[in-house]
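Undergrad: The listed protein sequences correspond, in order, to chains A and B. Going by full-length UniProt numbering, the first sequence opens with residue 1, and the numbers climb by one from there. Going by full-length UniProt numbering, the second sequence opens with residue 1, and the numbers climb by one from there.
Source of the hints: derived by calculation from the structure; they are not laboratory data. Among the hints, erroneous ones may be present.
Treat identical chains as interchangeable: a pair holds within one or across any two.
Stated by the list, open to error - Mimicking DMTMM-like on lysine to aspartate or glutamate, the simulated pairs with C-alpha atoms at most 25 angstroms apart in a straight line are:
{"no.": "1", "residue 1": "K50", "residue 2": "E17"}
{"no.": "2", "residue 1": "K55", "residue 2": "E17"}
{"no.": "3", "residue 1": "K2", "residue 2": "E12"}
{"no.": "4", "residue 1": "K2", "residue 2": "E95"}
{"no.": "5", "residue 1": "K2", "residue 2": "E118"}
{"no.": "6", "residue 1": "K2", "residue 2": "E138"}
{"no.": "7", "residue 1": "K55", "residue 2": "D19"}
{"no.": "8", "residue 1": "K50", "residue 2": "E134"}
{"no.": "9", "residue 1": "K50", "residue 2": "D139"}
{"no.": "10", "residue 1": "K2", "residue 2": "D49"}
{"no.": "11", "residue 1": "K50", "residue 2": "E12"}
{"no.": "12", "residue 1": "K163", "residue 2": "E12"}
There are 2 protein chains.
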Amino acid sequence: MKYCAECGGTVEHRIPEGDHLPRFICPSCHTIHYQNPRVITGCLPIWQDKVLMCKRAIEPRYGYWTLPAGFLEIGETVAQGAARETMEEARARVEVRQLFSFINVTYIGQIYTLYLAELLDLDFGPGPESLEVELMSEDQIPWDNLAFPTVKLSLQDYFSDRKTGQYRLHTHDLTTPPWRPGKSKG
Amino acid sequence: MKYCAECGGTVEHRIPEGDHLPRFICPSCHTIHYQNPRVITGCLPIWQDKVLMCKRAIEPRYGYWTLPAGFLEIGETVAQGAARETMEEARARVEVRQLFSFINVTYIGQIYTLYLAELLDLDFGPGPESLEVELMSEDQIPWDNLAFPTVKLSLQDYFSDRKTGQYRLHTHDLTTPPWRPGKSKG
Ligand SMILES: [Zn+2]
Ligand SMILES: [Zn+2]
Numbered sequence: 001m002k003y004c005a006e007c008g009g010t011v012e013h014r015i016p017e018g019d020h021l022p023r024f025i026c027p028s029c030h031t032i033h034y035q036n037p038r039v040i041t042g043c044l045p046i047w048q049d050k051v052l053m054c055k056r057a058i059e060p061r062y063g064y065w066t067l068p069a070g071f072l073e074i075g076e077t078v079a080q081g082a083a084r085e086t087m088e089e090a091r092a093r094v095e096v097r098q099l100f101s102f103i104n105v106t107y108i109g110q111i112y113t114l115y116l117a118e119l120l121d122l123d124f125g126p127g128p129e130s131l132e133v134e135l136m137s138e139d140q141i142p143w144d145n146l147a148f149p150t151v152k153l154s155l156q157d158y159f160s161d162r163k164t165g166q167y168r169l170h171t172h173d174l175t176t177p178p179w180r181p182g183k184s185k186g
Numbered sequence: 001m002k003y004c005a006e007c008g009g010t011v012e013h014r015i016p017e018g019d020h021l022p023r024f025i026c027p028s029c030h031t032i033h034y035q036n037p038r039v040i041t042g043c044l045p046i047w048q049d050k051v052l053m054c055k056r057a058i059e060p061r062y063g064y065w066t067l068p069a070g071f072l073e074i075g076e077t078v079a080q081g082a083a084r085e086t087m088e089e090a091r092a093r094v095e096v097r098q099l100f101s102f103i104n105v106t107y108i109g110q111i112y113t114l115y116l117a118e119l120l121d122l123d124f125g126p127g128p129e130s131l132e133v134e135l136m137s138e139d140q141i142p143w144d145n146l147a148f149p150t151v152k153l154s155l156q157d158y159f160s161d162r163k164t165g166q167y168r169l170h171t172h173d174l175t176t177p178p179w180r181p182g183k184s185k186g
């Protein structure tokens with residue numbers, strides 16, 4: 001941030017009086033521009049013993065496999081956002097069930113939320129952000145080619161809970177990046 | 001938002017190609033300025049049969065009672081933010097336990113998260129955003145003078161679960177504002 005979104009003046013980056021973190025502050029109109037973490041919401045769509053995975057058609061992690069998820073929008077609930085992203089990325093209709101993953105990704109200022117969801121029919125396919133969409137059983141999951149650690153953790157938790165039939169909320173804290181730059185799949 | 005935070009140019013408000021919602025777009029540097037919901041995090045601090053409540057010293061809802069909570073910051077987990085807000089608003093040390101409330105407040109683009117927390121000692125008191133801080137048993141809660149519906153729902157859920165000894169995650173969707181303007185307590 002270089003300019004004030006309200007008046008166009010040049011902002012400063014300093015700790016406001018009575019605060020404890022540096023903020024972007026406009027010396028002209030005195031607006032403090034707070035920046036806060038963003039929420040990712042998505043589904044783990046289930047059909048019998050399989051889950052619906054998407055191969056990414058966009059960076060970051062082009063060509064790697066993920067679960068349908070994206071940024072929560074203003075005006076929707078987290079569960080509504082999860083269903084919307086599943087429709088956008090996998091063209092799939094789901095019944096959203098329980099909140100399953102709640103993962104703090106502090107190094108990029110994100111909270112990753114994932115719902116268990118029931119796939120309602122087999123009429124799915126890649127949206128503009130996906131190359132392929134595929135139903136996979138546990139032994140078909142490409143564990144070495146998953147897009148994000150949030151996806152890997154959620155799938156591990158799911159297949160682990162599945163063995164017991166007891167599905168609970170799983171919380172994780174990811175505080176350091178999992179891979180080095182330059183490893184994106186061409 | 002009127003000006004581009006990156007180049008200072010005047011922004012437009014329209015739906016970008018391939019998107020479905022209007023965004024603030026800069027015609028000069030082509031930055032799309034997304035706006036996303038913000039996360040509120042807080043604690044329900046427990047001491048024996050009492051919970052720690054704060055009387056607000058700031059607007060909105062000056063003079064009404066609340067639980068210690070505030071905006072999640074980049075770089076912290078939701079549980080860390082809950083403990084920080086409890087220290088800031090109630091000068092109280094807590095051991096954060098389980099996620100208890102998860103409330104979509106869609107009409108203001110917020111997600112309210114609240115943790116059950118164990119108050120570690122009785123050395124607490126009002127921070128700069130509180131007028132008073134008080135331990136209250138269920139029959140002392142000022143039900144008609146609570147600051148926000150999220151606080152009321154969380155307290156109701158807590159005292160209800162307390163009767164059974166089974167504490168679970170409670171999800172609610174608040175999609176319309178609960179009160180008319182101009183009712184703030186002077
Ligand atoms: Zn300004
Ligand atoms: Zn610009």
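Undergrad: Next step is simple, just say for each hint if it's right about the structure.
TA: Comparing the hints with the structure gives:
1. K50 <-> E17: The answer is neither: 54 angstroms in one copy and 34 angstroms across copies each exceed 25 angstroms.
2. K55 <-> E17: between (47 angstroms within a copy, 22 angstroms between copies)
3. K2 <-> E12: both (8 angstroms within a copy, 18 angstroms between copies)
4. K2 <-> E95: neither (43 angstroms within a copy, 39 angstroms between copies)
5. K2 <-> E118: neither (45 angstroms within a copy, 42 angstroms between copies)
6. K2 <-> E138: neither (47 angstroms within a copy, 49 angstroms between copies)
7. K55 <-> D19: between (43 angstroms within a copy, 20 angstroms between copies)
8. K50 <-> E134: Within. Shortest intra-copy distance 9 angstroms satisfies the 25 angstroms Cα cut-off; inter-copy 51 angstroms does not.
9. K50 <-> D139: within (10 angstroms within a copy, 50 angstroms between copies)
10. K2 <-> D49: Result: close neither inside a copy nor across copies, 50 angstroms intra and 50 angstroms inter.
11. K50 <-> E12: neither (51 angstroms within a copy, 44 angstroms between copies)
12. K163 <-> E12: Classified as neither: same-chain Cα gap 54 angstroms, cross-chain 52 angstroms, threshold 25 angstroms.
Hint compliance for this structure: hints 1, 4, 5, 6, 10, 11, 12 are broken, all remaining hints hold.
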